[in-house]
Amino acid sequence: MNATPDRDNGTGWRMLVAGTGGQGVLTAARLLCDWLVDRGHSVVSGQLHGMAQRGGSVQSSVLVDCGISPVMPRGRADYVLGFEPVEAARALPFMSSRTVVYVNTAPVIPYVLAQRSVRDGTEAKYPDPKELADAIRAVTPHLFTFDATERAVEAGSAATLNMIMVGCLLGSGLLPHTADSFWTLVSNKMRQDLMDVNQRAFSSGVELGRRLQ
Amino acid sequence: MSASPGHEILTGDPGTRACLLGNLAIVRGGLEAGVQFFSCYPGTPSSEIGDTFARIAKDAGVLFEYSINEKIAVEAAFAASLAGARAMCGMKHLGLNYAGDPISTMPYVGVNGGMVIVSAGDPSAITSPNEQDQRHFSRFLYLPVFDPATPEDALSMTRYAFGFSERTNLPVILRPTTRVCHSSGMVEFGPLPTERNQIRFEKDPPRYVPIPSNAQRMRLELTERFKRAEAELEQSGFFPRTGRGRSGILAGGVAYAHARQVVEELDLYERVTLQKIGAYPIPDKVLAEFLAGVDSVLVIEELTPFVEECVSLYAFRQHRQLPVFGKHSRHFPQEFEYSIELVDDAIRAYVRQERRPRAAATVPELPSRPPVLCAGCPHRASYYAIRKVFGADTIYCNDIGCYTLGYGEPLDACDVLLCMGSSISQASGLSRVTGRRTVACIGDSTFFHSGLPALTNAVQADDDVTVIILDNYVTAMTGFQPSPTSPPHNGDPRAPTEPKAPPEDTRGPAIEKAVRGLGVKRVFSVDPFNEEKTLAALKAAKDGSGVNVVVSHAPCAEVTRRRSKGKLNKPLAIDQQRCNQCGLCIRLLGCPAVYVADGEHVIDESLCNGCGLCARVCQRDAIQPVAAEGV
Numbered sequence: 073m074n075a076t077p078d079r080d081n082g083t084g085w086r087m088l089v090a091g092t093g094g095q096g097v098l099t100a101a102r103l104l105c106d107w108l109v110d111r112g113h114s115v116v117s118g119q120l121h122g123m124a125q126r127g128g129s130v131q132s133s134v135l136v137d138c139g140i141s142p143v144m145p146r147g148r149a150d151y152v153l154g155f156e157p158v159e160a161a162r163a164l165p166f167m168s169s170r171t172v173v174y175v176n177t178a179p180v181i182p183y184v185l186a187q188r189s190v191r192d193g194t195e196a197k198y199p200d201p202k203e204l205a206d207a208i209r210a211v212t213p214h215l216f217t218f219d220a221t222e223r224a225v226e227a228g229s230a231a232t233l234n235m236i237m238v239g240c241l242l243g244s245g246l247l248p249h250t251a252d253s254f255w256t257l258v259s260n261k262m263r264q265d266l267m268d269v270n271q272r273a274f275s276s277g278v279e280l281g282r283r284l285q
Numbered sequence: 012m013s014a015s016p017g018h019e020i021l022t023g024d025p026g027t028r029a030c031l032l033g034n035l036a037i038v039r040g041g042l043e044a045g046v047q048f049f050s051c052y053p054g055t056p057s058s059e060i061g062d063t064f065a066r067i068a069k070d071a072g073v074l075f076e077y078s079i080n081e082k083i084a085v086e087a088a089f090a091a092s093l094a095g096a097r098a099m100c101g102m103k104h105l106g107l108n109y110a111g112d113p114i115s116t117m118p119y120v121g122v123n124g125g126m127v128i129v130s131a132g133d134p135s136a137i138t139s140p141n142e143q144d145q146r147h148f149s150r151f152l153y154l155p156v157f158d159p160a161t162p163e164d165a166l167s168m169t170r171y172a173f174g175f176s177e178r179t180n181l182p183v184i185l186r187p188t189t190r191v192c193h194s195s196g197m198v199e200f201g202p203l204p205t206e207r208n209q210i211r212f213e214k215d216p217p218r219y220v221p222i223p224s225n226a227q228r229m230r231l232e233l234t235e236r237f238k239r240a241e242a243e244l245e246q247s248g249f250f251p252r253t254g255r256g257r258s259g260i261l262a263g264g265v266a267y268a269h270a271r272q273v274v275e276e277l278d279l280y281e282r283v284t285l286q287k288i289g290a291y292p293i294p295d296k297v298l299a300e301f302l303a304g305v306d307s308v309l310v311i312e313e314l315t316p317f318v319e320e321c322v323s324l325y326a327f328r329q330h331r332q333l334p335v336f337g338k339h340s341r342h343f344p345q346e347f348e349y350s351i352e353l354v355d356d357a358i359r360a361y362v363r364q365e366r367r368p369r370a371a372a373t374v375p376e377l378p379s380r381p382p383v384l385c386a387g388c389p390h391r392a393s394y395y396a397i398r399k400v401f402g403a404d405t406i407y408c409n410d411i412g413c414y415t416l417g418y419g420e421p422l423d424a425c426d427v428l429l430c431m432g433s434s435i436s437q438a439s440g441l442s443r444v445t446g447r448r449t450v451a452c453i454g455d456s457t458f459f460h461s462g463l464p465a466l467t468n469a470v471q472a473d474d475d476v477t478v479i480i481l482d483n484y485v486t487a488m489t490g491f492q493p494s495p496t497s498p499p500h501n502g503d504p505r506a507p508t509e510p511k512a513p514p515e516d517t518r519g520p521a522i523e524k525a526v527r528g529l530g531v532k533r534v535f536s537v538d539p540f541n542e543e544k545t546l547a548a549l550k551a552a553k554d555g556s557g558v559n560v561v562v563s564h565a566p567c568a569e570v571t572r573r574r575s576k577g578k579l580n581k582p583l584a585i586d587q588q589r590c591n592q593c594g595l596c597i598r599l600l601g602c603p604a605v606y607v608a609d610g611e612h613v614i615d616e617s618l619c620n621g622c623g624l625c626a627r628v629c630q631r632d633a634i635q636p637v638a639a640e641g642v
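Sequence lines, in order, name chains A and B. To convert a position in the first sequence, counted from 1, into the numbering used here, add 72. To convert a position in the second sequence, counted from 1, into the numbering used here, add 11.
Don't take each hint at face value.
What the hints assert, rightly or not - Below, computed lysine-lysine pairings styled on BS3-like, alpha-carbon distance capped at 30 Å:
#	chain 1	residue 1	chain 2	residue 2
1	B	K296	B	K399
2	A	K197	B	K581
3	B	K214	B	K238
4	B	K296	B	K338
5	B	K550	B	K576
6	B	K399	B	K532
7	B	K524	B	K399
8	A	K261	B	K576
9	B	K69	A	K261
What the hints contain is simulated information worked out from the structure, not anything from laboratory work.
So that you can see chain A by itself, here it is in the shape it has in the complex (with noise of 0.2 Å):
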């Protein structure tokens, strides 16, 4: 396997989290933010997300210890999460040859297909799969995919596939803390009745991201 990239920014890292609206983008961010505040870290992150309906692209940026912007630059993001294949070729302007990437590939189909479909009487198909990674590999070697939706119904609940993907990326172990440390610190937060639930995914997603190096 590839061996793991430099960082961009010496000690600090940049991550970027994104997908769609609804899919637990900007809470995955908070909880990384959080959390590396936690372990001591400066952390500056931004959003990006359009009206208030559900559906639209968003992104969200966690920088550590990298300076006071609150946006990611252009080539410059160390670790990608992708919720969702088309957002996370959508990120593809913030990747470098250096950029782990993880990608979940469960698509969310966007309802303007549809449209296009009836309109034009030629089915608008989403973007084939295999061309979307080939786009980031074309990027970086450093890309990982997975069915990441289908882990968080297992885990019980499609609800957690942030936890999923969060997991991922600190089972890796590219991060300087332990998957551990952020459970810790998330689950003194959750509801009691979402805890079982949220466990099993960050549990199963950090066991994949063991996996996959």
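We have chain A already, so just place chain B on it with the hints.
The following block gives chain B in isolation, referenced to the frame of chain A:
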């Protein structure tokens, strides 16, 4: 899992380091200053400020309200200030315009308790019909403006602004932009005050009544106050200067954060002097000291060349000749947010360093995800019926809210749009001038915000307009804040509204009563999911002359979904044996739950709310509730 900001804003100990959303940092800054009154009208990117106050107001001892509009929010807060309270308002940039009338005279009257108006800006018009630069308020209304670059600034400036307002006897504006409001950054909590301002209103009409004879006196006082504000700002600490180089850089707002990031990464402090502009008016002394150490100036600020013109004018007044690079020199655009790449390139060019190489990634063509009315949204049912009755020739005047998404295909119910409340007045104007049929569509919250005066006007003018009020019992677009038709909230204004609340049970004025009270004779109430009755009412409205009002009541589908923690109606499914892929359900409705897969038209069960609209559109009876398991 999902997480929501809890009460740590209120309970966090002094010295706590946290990574806080800019809007929450503003709330904490207000609390540390001992804010006693908060009012707002929601608007992206400001909404989380009010929503957070709504959650904590009771525990924090803050009088809170979601006001009916920004003008009212400002007037109520100003009154609180006159009674000694530290008062704060929240709104977006456009709300500041709506409140412009009271705001323009407030500096004349002056304050007692500190007064801070937070008006969040939206460069690039990401969630607004325009972008605008509120810093100009400092000039044309003599209102000091604080311009945070980071959440840390947002906290410290808010905290500082209340005392500043009291010392200068001026209300102030805090102008965070989207990248400050919706970014999180490191802040350190300060102590919460143990004492707060005493509340006491003493009558003093010459002081509080700006009739012309008093206003003329106040005008002279205002000049003095604004001078005092400039002197105070000199000492504020919001104009830090770093570096020793002869190449000067002036930067404000989030552009300062980008500039500092670049200067630090390139280690340029020997070559440049970076001067931050954190507030307006810019004290002359700040510019004098900065200009004394530099041979040229690069100005980095989003939107209008405001700082650029301030420094150019100051240099001119001082007979100082030096190059000023910025927007007038076309080094920066006047439009839109700055990317950090733009700032990086400009600073490198300025210090004659090579541009950072940036590989252009080849991004494949990707489908966009434009915002869309949710599955099960009652506005879709309303629009479907409206278009069916009023057809393509009618001019559709739309308004600001989720229902603006009636724009474009397939609902196509938005021909003109301007601002909050404009649908009714535009329908009036178009009807009078063209003689054509006009329909105005406006939501419940927007109707009370500024639609009421327009409707009164239409009644007075006896215009031929049909006004359709889309009442979903909530201000949905900005995050489900209560509207005047929201059901009673038992003291917690953030509690979601009851699903399917009958309009008779509403807390506020029933829209129909208000409308009839204005003199509208033809008022119809419908449930948009009752197609037969809705069509009949719309036809009756279409056939009637003068002002006709149809109120379409149905709860917001997203509020219903959240509240029920699941679904109320069974999702629907398309029977592939019956479906002939005619596409009517997709083409007419544009519901995000219906998609095409391998030639088949399919409903995404996880999105479908079972509203049944597509089943009624289907001519082959192919859409039915999902069969219960085991049947």
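Hints, verified against the model:
1. In summary, the hint linking K296 of chain B to K399 of chain B is not supported, as the alpha carbons are separated by about 66 Å, beyond the 30 Å threshold.
2. Straight-line distance between C-alpha atoms of K197 of chain A and K581 of chain B comes to about 28 Å, which keeps the hinted pair within the 30 Å bound.
3. Only pairs whose Cα atoms come within 30 Å are accepted, and K214 of chain B paired with K238 of chain B is accepted, the gap being roughly 27 Å.
4. Taking the CA atoms of K296 of chain B and K338 of chain B, the gap is near 24 Å; set against the 30 Å cutoff, the hint holds.
5. With a C-alpha separation of about 37 Å, the suggested pairing of K550 of chain B with K576 of chain B is violated against the 30 Å cut-off.
6. Annotation: proposed proximity of K399 of chain B to K532 of chain B holds, straight-line Cα distance about 24 Å (limit 30 Å).
7. Restraint check for K524 of chain B and K399 of chain B: satisfied, since their Cα atoms lie roughly 27 Å apart, inside the 30 Å limit.
8. Only pairs whose Cα atoms come within 30 Å are accepted, and K261 of chain A paired with K576 of chain B is accepted, the gap being roughly 20 Å.
9. Restraint check for K69 of chain B and K261 of chain A: satisfied, since their Cα atoms lie roughly 23 Å apart, inside the 30 Å limit.
Against the hints set out earlier in the document, violations occur for numbers 1 and 5.
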